[in-house]
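Given the structure of chain A, go ahead and fit chain B with the ligand onto it with the hints provided.
For reference, the chains in residue letters:
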Amino acid sequence: MTTCLIVDDSRVVRKVARRILEDLNFACREAEDGVFACKACEEEMPDMILLDWNMPNMSGIEFLEALRKMPGGDTPKVVFCTTENDMNYIQRAIQAGANEYIMKPFDNEIIVSKLTQIGLIDY
Amino acid sequence: MRLPVFDIYAEILKNKSGLSITSDKSYLLESRLAPIAKAWDFASVEAMGTDLQFSSNHKLIEEIVDAMTTNETFFFRDTKPFDIFKNVVMPYMAQAREAQRQLKIWSAAASSGQEPYSLAMILKDAGTPWSGWNLDFLATDISASILEQAKLGRYSQFEVQRGLPIQMLMNHFKQDGDRWNLNDDIKNMIRFDAFNLLDNPSKFGVFDVIFCRNVLIYFDAETKTQVFKKLANQLAPDGFLFLGGAETVLGLTDEFKPYPNQRGLYVRADSVHLKNA
Ligand SMILES: C[S@@+](CC[C@H](N)C(=O)[O-])C[C@H]1O[C@@H](n2cnc3c(N)ncnc32)[C@H](O)[C@@H]1O
Numbered sequence: 002m003t004t005c006l007i008v009d010d011s012r013v014v015r016k017v018a019r020r021i022l023e024d025l026n027f028a029c030r031e032a033e034d035g036v037f038a039c040k041a042c043e044e045e046m047p048d049m050i051l052l053d054w055n056m057p058n059m060s061g062i063e064f065l066e067a068l069r070k071m072p073g074g075d076t077p078k079v080v081f082c083t084t085e086n087d088m089n090y091i092q093r094a095i096q097a098g099a100n101e102y103i104m105k106p107f108d109n110e111i112i113v114s115k116l117t118q119i120g121l122i123d124y
Numbered sequence: 018m019r020l021p022v023f024d025i026y027a028e029i030l031k032n033k034s035g036l037s038i039t040s041d042k043s044y045l046l047e048s049r050l051a052p053i054a055k056a057w058d059f060a061s062v063e064a065m066g067t068d069l070q071f072s073s074n075h076k077l078i079e080e081i082v083d084a085m086t087t088n089e090t091f092f093f094r095d096t097k098p099f100d101i102f103k104n105v106v107m108p109y110m111a112q113a114r115e116a117q118r119q120l121k122i123w124s125a126a127a128s129s130g131q132e133p134y135s136l137a138m139i140l141k142d143a144g145t146p147w148s149g150w151n152l153d154f155l156a157t158d159i160s161a162s163i164l165e166q167a168k169l170g171r172y173s174q175f176e177v178q179r180g181l182p183i184q185m186l187m188n189h190f191k192q193d194g195d196r197w198n199l200n201d202d203i204k205n206m207i208r209f210d211a212f213n214l215l216d217n218p219s220k221f222g223v224f225d226v227i228f229c230r231n232v233l234i235y236f237d238a239e240t241k242t243q244v245f246k247k248l249a250n251q252l253a254p255d256g257f258l259f260l261g262g263a264e265t266v267l268g269l270t271d272e273f274k275p276y277p278n279q280r281g282l283y284v285r286a287d288s289v290h291l292k293n294a
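Residue numbers (the numbering used here), protein chains in the order written: chain A, 2 to 124; chain B, 18 to 294.
Check before you lean on any hint, since a few could be wrong.
[What the hints assert, rightly or not] If we take Cβ atoms under 10 Å as the criterion, some of the chain B residues that face chain A in the derived model are:
no. : residue
1   : W57
2   : F59
3   : I183
4   : Q184
5   : K191
6   : Q192
7   : D195
8   : N213
No wet-lab data here; the hints were simulated from the structure.
Virtual Cβ for every residue (Gly too), placed ideally from N, Cα, C.
Bound conformation, chain B alone:
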């Protein structure tokens, strides 16, 4: 692919989704976009790129962004963050929000739903501490098509075996041929909505817990810094932010600090959690 055409794609991806690609990923563009170019009757990926310079076909651009983003996810990914949610975050919030009895959680790159559903199962299984509470659980992603899948709550045998403990499968899923359907009581705990992390999330209000895992790794430093700023604005002063295993705030923002001794857990720099520690 000629470099100018590569640059057109790189710019579209960065502007539309934050995704940052370098020219050594040229083959990836080719292979992932070839089916789209074909479906839209372009002679090649290169021809499609040249055309995009002069038009802004939203539907086509959405398909391109969708094809280039990684949706890989699984239930209880990395295990540890979910243990931390259960053993550190939930006990704190059960006390700190006792008066309002409201808890707001946001899964900000929810993909096909495994992350928010894992949290929903933990909350459900914890039972009584939350009875009578208003649990407001929002799950968003840039991709409308992956969110449709998430809403279905329908998973393959392979997907339900990656990370999901067997007891949870027994308690919260119904078998349907070779698929496993999540029970409605878990599905109904979550509100799915399309949202681009580059946009302004203030309409969602302030959250007690934000999961933003394994999405910032695809952004360049400047974009990460911008997103951290937005997330900080949407997080309660004593709230918690979870990042992915390969993600950090170090050198990118002063808004957040690592929570001592809990990998992947971050709090606001002015948080009470740091004063107590």
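This is chain A alone, in the form it adopts within the complex:
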């Protein structure tokens, strides 16, 4: 089963994302900010990370930069999922090593489409 870490400070968003991803047969864990996400990744690297941008303690982009320096941290596919929809943010995310970028609001079609693009689900 493909494993996934959902990182978002909103419980509601985590719940919605979890439901969509579990329907796609992903095994999900959750983290409510970058610090918790780091810990989760040290315990076990997921195959995919769905990542919010604005969070307390450690933002999504700070987490991503830290992740890519961790041992094994280059393997997870990272998909940003954020209300930030400015091209500058998108560019920064991709430069930092994100694989895809979702602008909120999202729905399951967008998630499926993005995960297909990065090869995590088959067409």
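Frame of chain A; chain B with the ligand shown alone:
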């Protein structure tokens, strides 16, 4: 709605666009045509239908056809056909058309442009194989209004997230508030023109690749067969035809055969591709 009135609409739709509707879709006629009936000062959809029996108001009929056709589309729809275009069709054509350096592509039910633009981005990103080539890319649809949208190349945030890889968004679009505008170099690769698939396409010449996806599903068998015949006449002997995921040639025509092991890809029955396989 009374059956005779339903039949009037069904006949208009079939004759004008090929769209085939059955009487269980009566509610759909009602709901989609109600705003048009109102705008044209008819008491009801039924009254408009009765009136249409005796008049042929082209503008009104165009609006009716427009309202009843489905325009849903997205970038890189189903992913796979676009991979096949890139990995099977392009390498073949790069060699086979090396002498003429001309490639003719037709997107025959282009809707708001996502399909032809996806192909244009693939061609653009492939870069060098096509430098110095004459890429002749035609995109048509029956609906003049949807083509106006296509020409604008202006999409909502939702539209650019369905199917479009983020790198392509970064490379080929400019943000304008909550809209995303396709860059001119991609837009300029494509020529848009209104065309009804029931008409004779011979004026367009012969194509190397035809995309005719997710439109034949709305036609009845007889109409599909007719359209396949026309498409076969416009496809080079070694050309490629792409159909939608729910569409097939089986039982409808002998003009085309599936290309082995590539879903949605078809070639002419006399094609070299089948002899080599
Ligand atoms: C569902 S869209 C498909 C768009 C795109 N090919 C895709 O696969 O995503 C169908 C399109 O076919 C067009 N269409 C319907 N009847 C047609 C006809 N007789 N001739 C040309 N286009 C037609 C509609 O206007 C609509 O834009």
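Quick rundown of the hints versus the structure:
The restraint placing W57(B) at the interface with chain A is violated, with a minimum CB-CB distance near 35 Å, outside the 10 Å limit. The closest approach between the C-beta of F59(B) and any C-beta of chain A is roughly 37 Å, which is over the 10 Å cut-off, so the hint fails. Given the 10 Å rule on beta carbons, the hint for I183(B) holds: about 5 Å separates it from the nearest Cβ of chain A. Given the 10 Å rule on beta carbons, the hint for Q184(B) holds: about 7 Å separates it from the nearest Cβ of chain A.
Interface restraint check: K191(B) against chain A, minimum CB-CB distance 8 Å, threshold 10 Å, status holds. Below 10 Å, beta-carbon pairs count as interface contacts, and Q192(B) has one with chain A at about 5 Å; its hint therefore holds. Taking 10 Å as the C-beta contact cut-off toward chain A, the hint placing D195(B) at the interface holds, the least distance being around 8 Å. Violation of the interface hint for N213(B) is found here, the shortest Cβ-Cβ separation to chain A being roughly 30 Å, above the 10 Å cut-off.
Violated hints, listed in ascending order, are 1, 2, 8; each of the other numbered hints is respected by the structure.
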